[in-house]
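One letter stands for each residue in the lines below.
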Amino acid sequence: MIETPAATDGWLRLHPLSPVTRVGRLAPALAIWFVLSVSHHESSQGSGEIYFVLGLTVLLCIFGFVHWLVTRWKIDGDTLRIETGLVRRDSRRLPLARIQAVDIVRPFSARILGLSEVRMRLAGSGSTDGKLAYLPDLAARELRAFLLAGHHDLTPEAAEAAEHPLAAVTTQRLAASILFSWLSVILIGAIVTLLVIDDLTPKTGAKAVGILFIYLLSLASALWRRLSAGYHFVAVEAPEGVRIRRGLLQTVSETIPNGRIQAVRRVEPFLWRPFGWCRLEVDIAGSGTRNQRGEGSPVGRKSLLPVGTHQDAWHLVSRLLGGPTPELTPPPHRALFKAPLSYHFLESGHDTTHAVCVTGRFSRITAWVPLEKSQSIRRVQGPVQRKMGLASVHVDAAGRRVRAEFRDRTVAEADVLVAELTDLSRAARTRHGDATPERPLPVAGTAPSGWYPDPTGRHESRYWNQEKWTDQVSNGGGTAVDPLQLSSAQLSSTQLSPSPR
Amino acid sequence: MVTMTTGSVPPSEAEIAEGLTSDWHTPSTRLWKLRVAQVGVVTVIIAGLTGLSFGIKHGIDAGIIASLVVVAVGGAVSWFVRRRFRAWKYQERHEDLVVTRGVMVRRMSVVPYGRMQFVELTAGPFERIVKLSTVKLHTAAAASDARIPGLEGAEATRLRDRLTELGESKAAGL
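As they're listed, the protein sequences go chains A and B.
The opening position of the first sequence corresponds to residue 1 in the numbering used here, with each subsequent residue numbered one higher.
The opening position of the second sequence corresponds to residue 1 in the numbering used here, with each subsequent residue numbered one higher.
One chain only, chain A, in its complex shape (with noise of 0.2 Å):
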C-alpha cells in the first residue's frame, strides 16, 4: 500500500532523507550562528567557534541518522506499531480504533524535499501519542487516509475524497486583524515613541533601543507566528469532521473529528469590533497535554478560524454543532452592580442540546458546551452575589478551564437551571450513548469461541473458532459436519459472527 524502503517482516522504515529534514529545521539558526563566528574569526577572535558550530552540524546529522536507523513501523492488524530509540527503546502500539485524529505536518525544510510528518492523536492520552517523521507526501497521505478510514468505517477512497469548503480567509484580511490586535498597537506604539525619544535625545534612544531590541524582536516574531501559522487558511467538510489546512512556511493540514468536540468558542475582540469580525476556537478531546497536576484530561485547543465574519462563523458553528442555537436571555438589572464592566455582555441559554453562555469585559466572548459532553454541573455563590440573590451556574467540559458560564442568573432561575441541565445532560448522554456505539466491534474476534445458532438455519447450532464458522454442527445433542455455505443473500442478511446467546 505505502512505498517506503521495506525493512524485514512487513516493517517500514521512514523516508531515508528523515535526518537531513530534521537538521533542516534548525538550518536557520545553525547558519547564522556559523556567519557570526566567521564574522568573529576574521575581526581575529580565535577560530575554535566555526568548528564548534560544524562539529555540532554534523553530530546532528549523526544523531538524525541513528535515529532513522533505529526507527520502523508496521500496521499489524487493527494496530499501528512504531518503534524508536537506541539507548532507550520506545515501542508504541497505537490500535486503529482508537485514533482519533491524524495531522500532516510539513516544515520548510521537508516541503523542499517532498516530505511529510504524520501525526497520531489518541483519546484520552497525551503521552502514547504516535508520529512518524518523515513520510513521502504521497504516501503520508495515503497513511492517513487509510488510519482515518478504519476509524469511520470509510473507503480510503471516500475520506480523502468529498471535501466541499466551509471558510477561508484571505491574506489581506489576516493582515488587517493581526494589524488590529494589541499586540501590534503595543509594537508600533513603542516604535514610535523610540523614535519620537531618538529625535529628542539620540543619546538616550540609543541606549532605549538597546535595552528593548529584544522585547521588540519577540513581539514581532509572536505577530510573525500568527501570520504563519493563519495563511492560507481553509476549512473544508470531510467524511470524518472538518479539515483545515493552513501555515505559510510550514502546512498543517489536520481534523476537526466529528463528535470531539467539547467545546467552541467564539471570541469578538475590542479592536475588531468596529468590521464586525471574529474568530472561532475548538477544544478536542485526545490532543494537548495534562496540566502539572494531571488533573483534567488532555484536551487541545485548536483556531477553527482565525479571523472571518459573523456569516462564517455561524456557518462553521452550525455545522459543528447541527441545529439552531439557543434563546439567549440577559441576568436581571441588579447584576449590573455586581459585574459592571461585563454586564453589557452576559447573557445566556439552552436548549436540549447545547449550553450558551456569553461572557466578557472588552472581548465578546461566546462559548457554545454539547450538553451531552459536560463532565459536571456546578452552582457558585460568592458573597455579594448572595447579597443580590444571584448565583452562577458553570457547565464544566473536559479540560482546564473549559466550560460555559450562566453568570449571575437569580437564585431561582440558577437552582432550575441545575435541576434542569443535569437531567438534559443525562439524557443526551444516555440518547448518545444509544444513537451512535463509540467504536464499531470488529466482525472477526468479538465473540469467544464455542456453540452458536446456525447462521445458515439449517441446523441447531454451529461451532464459532473466534475467528471463523467451523464445518462443525450439532443437532440434538449430536454433532455432524456441514460445510458453510452461505448464499450471497445470507451473506448480507445474516450476521457472520454470533451473537451471544
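Everything labelled a hint here was simulated from the structure, so no lab data went into it.
You may find that some hints are simply not true.
With a Cα cut of at most 30 Å, we get these calculated DSSO-like pairs of lysine-lysine [said to hold, decoys possible]:
| id | chain 1 | residue 1 | chain 2 | residue 2 |
| --- | --- | --- | --- | --- |
| 1 | A | 387 | B | 89 |
| 2 | B | 89 | A | 338 |
| 3 | B | 89 | B | 136 |
| 4 | B | 33 | B | 136 |
Sample of chain A residues at the chain B side, in silico, Cβ under 7 Å [to be verified]:
| id | residue |
| --- | --- |
| 5 | 375 |
| 6 | 376 |
| 7 | 381 |
| 8 | 400 |
| 9 | 428 |
| 10 | 431 |
All C-beta atoms, glycine included, are put in the ideal place defined by N, C-alpha and C.
On the provided structure of chain A, position chain B as indicated by the hints.
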C-alpha cells in the same frame, strides 16, 4: 433536606417517586476539630514567638499585647475553619454525586457517575492521626471539584468502592 439557599438541588420528581435520593451526609466532626487544633497549635507557636520578641524589645506589656493580638487572629481563623469544614455536605443520588461546600463562596457540584475517570483516596499525615481520609472524584474536567474530606475509614472505602462500581456501570466516553 437543607434549604434552597445553601445550594441544594431539588431532586427530580422521578427520583422522589422511586425514593432514590439518599440523605445528605457530612464529613466526620473530627475533621473540623483536627483543623481547629492545627490552627490552635500554629497560633500558640506564633503568639509565643511574637510575645517573646516584642517583650525583649519593648518590655513585657508590649509582649503580652502582641501575643493577645495573635491569639485573637488565631481565634477568628479557627472560627472560619470550623464553619468552613462544617459546611461540607454530600449526597449520593441515583445518577450523580452532589457535593456542597463553602461559607463565603458557596459551591455545589453535580458530578454524574458516568463521567468519573478515577477515584482518589488520600490521607495526609495529620489526617492519618485521627484516622480520616479524603475521597476525590476525578473527571475529565479540571474544574469539577468533587472532593470530600474527613471521611472515616469504613465510610471512605465504602464510598470509593461504590463510586468505582457506579462509574464502571454507567461509564460514558469523552
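Status of the hints after comparison with the structure:
1. Distance check on the hinted pair: residue 387 of chain A and residue 89 of chain B sit about 22 Å apart at the alpha-carbon level, within 30 Å; holds.
2. Among the hinted pairs, residue 89 of chain B with residue 338 of chain A is consistent with the structure: their alpha-carbon atoms are about 28 Å apart, no more than 30 Å.
3. With a CA separation close to 14 Å, the supplied pair residue 89 of chain B and residue 136 of chain B stays within the 30 Å bound.
4. With a C-alpha separation of about 21 Å, the suggested pair residue 33 of chain B and residue 136 of chain B falls inside the 30 Å cut-off, and the hint holds.
5. Proximity of residue 375 of chain A to chain B holds as hinted, the smallest CB-CB distance being about 4 Å (cut-off 7 Å).
6. For residue 376 of chain A, the suggested interface contact is upheld, since its CB lies about 4 Å from the closest CB of chain B, less than 7 Å.
7. A least Cβ separation of about 5 Å between residue 381 of chain A and chain B falls short of the 7 Å threshold, and the interface hint therefore holds.
8. Look at residue 400 of chain A: its Cβ gets to within about 5 Å of chain B, closer than 7 Å, so that hint holds up.
9. Evaluation of the residue 428 of chain A hint against chain B yields a violated restraint, the C-beta minimum of about 10 Å exceeding 7 Å.
10. With its C-beta approaching chain B no nearer than about 11 Å, residue 431 of chain A sits outside the 7 Å limit, and its interface hint is violated.
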